[in-house]
Structures are given as C-alpha cells and as structure tokens.
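Participant: These are the residues of each chain, in order.
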Amino acid sequence: MDMETILIVEDEQQIREAVAMALQCEGFNVCEAGTASHAAVQAAARQPDLLILDLGLPDRDGVDFIRDYRAWSTTPILILSARSEESSKVDALDAGADDYLTKPFGIAELLARVRALLRRRQPDQQASLPTLLFGDYLIDCVNRVVTRAGVAIHLTQIEYRLLAFLAANPGRVLTHRHLLSQVWGGQAVENHQYLRVYVGHLRQKIEDNPAQPRHILTEIGVGYRFQP
Amino acid sequence: MRFLQQSSQAIGYFWGVLGTCLGSLLISPLRNLVDLSNVALLYVLAVVVMAVSFGRGPAVVTALLASLCYAYFFVPPHFSLAITEGQYLLAAIIMLVVALVVSHLTSRLKQHADFASRKSVESTKLYELTQELAGATSPDAVIELTTGFLAASFGACQVRVYFPGDFESASGPASPALLKQCIEQHELLSRPTSQGRFYALIPLAAASSSQGVLGFEVESSTLGSQDAVEHIETVASIVAVALERSYFAEKARQTEIKHAAEALRSSILSALSHDLRTPLTALVGMAETIAMGKVPADKQQQMLEAIRNQAVSISQQMTNLLEMAKLSAGKFKLNQAWQPVEEVIGATLQQVATQWKNRTVTVDLARDLPPINIDAVLIERVLWNLVENAIKYSPADTPVEMLVKRVDAEMEIAICDSGTGIASDNTETLFELFQRGKTESEIPGVGLGLSIAKTIVEAHGGTITARNRDGCGSCFRVRLPLGNPPCFEEMDGPA
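The listed protein sequences correspond, in order, to chains V and W.
Reminder that position 185 of the first sequence reads as 185 in our numbering, one-by-one numbering, no gaps.
Reminder that position 329 of the second sequence reads as 557 in our numbering, one-by-one numbering, no gaps.
Hints listed in this document are in silico derivations from the structure and should not be mistaken for laboratory results.
It cannot be assumed that every hint is accurate.
[Stated by the list, open to error] Once the Cα atoms are required to be at most 25 Å apart in a straight line, the calculated BS3-like pairs of lysine-lysine come out as:
(1) W:LYS585 to V:LYS103
(2) W:LYS486 to V:LYS103
(3) W:LYS554 to W:LYS585
(4) V:LYS103 to W:LYS554
(5) W:LYS554 to W:LYS486
Produce the complete structure using the sequences and hints provided.
Facilitator: As structure tokens, this is what we get:
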C-alpha cells in the first residue's frame, strides 16, 4: 500500500512536532507548514491525502483558508481548535472541514480520526448498494424502511430522512446547519430547535438508552456525529 | 407667573373703576336717607377690600375715583365736583388719605404673606431635593437630579457641572477664566447669552474642598432679585455637599473592589502554587526518571501513563481557570436554545466515559420532560464539573447517580455520590472561588469547578445547592426554570 501523505498546518512548533512524530510512527508521510501561505504552497506541491489544520494561524483566518482550499480540492480536513473557539469551529465545518479535535487532544483520538477520514476517502464498494447497516439496524433506501433485527421501526418522513442522512455519513461531524439544509431544505438552516426535537424523537426510537446514545452522538455547540 | 400677576392687576383696576361707579349710582338716590359720613365710610370699605384683593395700584385708583364720586354724587351741590362747604372738603380729603394709608398697609401685609408662602414652597422643594440627593450614590446621579431640579424650578437649561479638573478644557458659554474668577470670588457670576437669557455660574463649595462650578442658562428675570440669588446659592451648597458625599462613596466602593481583587489574586496564587506545582513536580520527576533509561519496560509504560494523566488534569485545571476568568469578567453571553435535556446529559456522559473508562454513571430520567431553554455548552460545563467532583470524591467502585425530574416549574438535575460527603458547615462556602472540601487535599483541583457551576446556573436564572445524603455521600442539585417551550408544528407524515 502507498504511504499516505498528511500535511500538518500548525504554528505551534511543539504541537506540530508531536503530531508529526505520532503520524510518522504510524507509517504516514508527513509534511509541515507553520503559516497559511506556506500551507497553500505545500498543498499544491505535495497533493496530500489529508490536511490537519490549526484554526489560529498567524497570517490568515483558518476558515478563509478552508474556503479557498475547497475551491480546488476535496481532500479531507481535520481541524484543531482551542476550547474557546466554538463558533469558529462551526464556521470551519460549514466552510468544508470534515472533522475537528479540541485541544488538548489525545494522540490515540487523533490517529483514530485520521484513519476514519482516510478510509472515507477511498472509493467505497458499498456506495452503490441501496442499504445502510449499523448495529443490528438495516436501512432499506429503496423502500424507505428501517428494520432492527428484522422488525420494522415506524419512523416519520423527517425522522427517516434524518436517520438515513446521518447513517450515510458515519463518524463525521455534521453541523446543525448542514443537517437542516440536507433534511429540511435551505430555508430552514436557522431552526436549530426543530433539529434537536427530531433528533430527540429519533433517539427515543432507535437508542436503547436515549440519555446515553450509542449511535447519534451530540457534539455540543456544533452538531451531531453518527457512530455505526 | 409675571403674566398672571399682570392680568390679575388689570382685573383689579377694572373692578375698582366699575364697582365704584356702579356703587355710587346705586346709592345716590338714597342720598337724603343716609348720612354723608356713612357714605364716606362705605367708600373707605371699598378701598380696603380692593387693597386686600388686588394690591396697592387698584386700591389707589379706587381711592381717587371714590373721592371724585363722593364729591360729585353726594356732596351738595349734587352732580357737580364743586365743594362749597369747608367740612365736606375736609371729609373728602380725610377719606382719600385714610384710603391711601389703609391700602398701603394691607398691600404690604399681603406682600409679606405672599413672600412667606413662596419661601415655604421653596423650602419644601429644597427639602425634596436634599432627600433625593441623599439617595444618589454617584456624581452622575447628583448632576442628573440637579439638572431636573433647576429645569423645574428656574426653567434652566444647559445645566452643567465643571469639575476643577475640566476648567482648562471648558468651552461654550463658560470660559476657563470665567470659571476661575467664579471660584475666587465665591459668588454667582452671570453673562448674557444670545437669546436675551443669562448664563449663570455659581461655585460649588463643600466642607473639604471646592467641587467645581455649576453652570446653567436662565431668563434674565430669574436672577433679578437678591432673594432669587440667595435661593440659587442655597441650591448650590446642597449640590456641593451631595457631590462631595457621592465622591467619597465612589471612592469607598473602589477601595472595596480593590480589596476583593487583591483577595482573589492571593487565593489564585496559593491555589496555583499548591495545586498546579505538585503535579508539575511529579511530571518532571517521572520524565527525568524515564530519561535515565534504567526503568524496566513495564514500569516505564506505567509511568508514561501517569505522566499523561497528570498533564490532562493540569490542562483541565487551566481550562477551569480560564473559564472562571471569562465568567467573572462578565463578558460571556448566554447562547440559549430550546432543547431536550437528554442532549446535554448525553454529551456530558460521553466526555466522562472517555476520561474515566471504569466509572459508572447511572441516569434516571423522568418520563416526558419538556425541552429546556439553555446554553448547552455552558450547562455541559456545569454537569461535567459536578460529575467530575462526584467521581473524584467517592470510592472508585461506587456508582455516581444522575437523577432528572420536574419539580413544579423547574427542572431538577441531581448528581449524587457515595463518598465522604460535605463537612456540614461547608455547604454555603463550597461554591465560593478557590474553596475546597479540604485544603491541601491530595485530590487534584483548584476549587473552581463549583463556583463556575454556580455562576453559569445563576446566569440561567436557576439555583444550585449541595446537601449530604442520608446514608453517605452528597447530592448536588441544579434547578433550572422551565418556561414555556415553543410549539413545533409537526408537518410530518409516516415514511
């Protein structure tokens, strides 16, 4: 297997080196950049398979960088952000980033996210199949039926659309806006309450313990993440 | 006021002339029945009544007219002003003099009475001003009250207080030189402005020092009498005392804030020195031991694990410190939204599960809880802090319980443990900054978690309390107001 290349964009040298070392130990090719302008040059020259991006760069706003990068590349982006940057985190995800980690993060967590993002990038043999599987659930996208161990579960139209969209994007953070525009349509993107209420209904129907969900996880202040 | 006075004078002249003429015409047919001296007395009576009711001017006019009418209608020869007998002339002259003297005396009396009643109104107003100023705690409040008072009592506008520090930069109607002159001369100065009004400056002299100069614009007539100037001077001295008092009150408050900040700083220092330095010392020690390369592999793994845990715990305490700094600076904004409470609880437990893999947290959610209007990010901090506390202060093999139910118009989230509980005298101070269950405890932390929780819960209009459980351990109860959740139209059919 080819070694995948990961570009780390982070202005703090200590964090950059720690992340680079961990990734190299896992067998990835790593290149580094300390500024947004250097990162743009590196991204064009090395064509990385994944970008790890710190939002607080010295020369440019990370969110702007993502917008420009998304204009020509679909390479997955993993955001690193400080705790206080809740809103910029959401902006970055809305701008096209794929996932985020809050500092301080564990290396094990970082590696898991990196692997998940790279896996998603590979052409999926399953993609052409009209069924989605998670736990002991099966979503039949043709007949719009959800079954658990063969028993049908009654969902409303919106609940079905919500579940199908979540399940089609496993492991990925989906922001409130993103989910609302996908499930309800573009005009509903500010109605966060709608989304929360329907996620609550959906959890009641598919989770064994809605207060400690296994599949639909809340990313507080950001959105939801589906865990198969 | 002046206009009213003038119109009442005009009415006085009118009644004086009309009454005297009509009265004379009515009584004149009876001139043979009534003695002449009695008629003269009737005229004197009329003059006195006029003097009492309308003052000197109308009374004098009435007196003159009365003597003419007396001569014309009653003194023979009738219907002629000629007075043939000496005694009638004397009577007419005496009547005129008596009328003038009486009118003069009565009108003086009336002036005194008016003056006294005006004074009493002024003192009542001054008393009210003094009372209002007593409640003012800041110089701005004093100036605002003064402005209102001057506008209401004198029709003053452009009221301004020039503090001694602002003299040099004074502009507009008051020049620096004029202000200095005002302070030096200790008296009211005035100069005309464009619209025929006057700009008055009066020094504000208080017991300890001069508080500055009070400036305002009024009609020129307001400053006309000595009486009015004295009144304004009294107002100025009351304002000066109030300004001085508010200045000292402000100073006292600032000193108090400074003391509180000082106390906070010293507790931060002591918290940092013990609670952060201890784990840092351990970190350095362990890292150096491993670097020496003599630690067996399995032990090394253990120590690396410990280093990681220590670092994570320091990082969390840093987060708490920063969070508290943000919260106590008052710069945080609640980002409230209606949501099911399970959402926040789920996210908290998710976090707890990654940090403490072996601890169980049991959740007991009442059925059919309504959605609640909260800032999810901040409430998650509250729950996390409470659960973290419960885990840290209870034996590792005991569960932490979370109980959520509705109590009247509030939602109650209780987080209970089976630990050592709280020292009974501690339940109030527990939520203060840098308060810990035990000082110099071996359990890491800086004593911020609970005060962060309290600040956030109170910002939501809720309460947080701590109590020992009957058996063992403690319960922390967060209560949040439920409010009226919006209705969601369910425009949704079966899939």
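Participant: Keeping to a limit of 25 Å between CA atoms, is the pair of W:LYS554 and W:LYS486 held or broken?
Facilitator: Cα-Cα ~19 Å, so holds.
Participant: Would the pair W:LYS585 and V:LYS103 pass a check requiring their Cα atoms to be no farther apart than 25 Å?
Facilitator: holds, 20 Å
Participant: With the threshold set at 25 Å, check whether the alpha-carbon distance from W:LYS486 to V:LYS103 stays at or below it.
Facilitator: violated, 34 Å
Participant: Taken at face value, is the distance from the CA of W:LYS554 to the CA of V:LYS103 at most 25 Å?
Facilitator: Holds, at roughly 18 Å.
Participant: Is W:LYS554 within 25 Å of W:LYS585, Cα to Cα?
Facilitator: Violated, at about 30 Å.
Violated hints, listed in ascending order, are 2, 3; each of the other numbered hints is respected by the structure.
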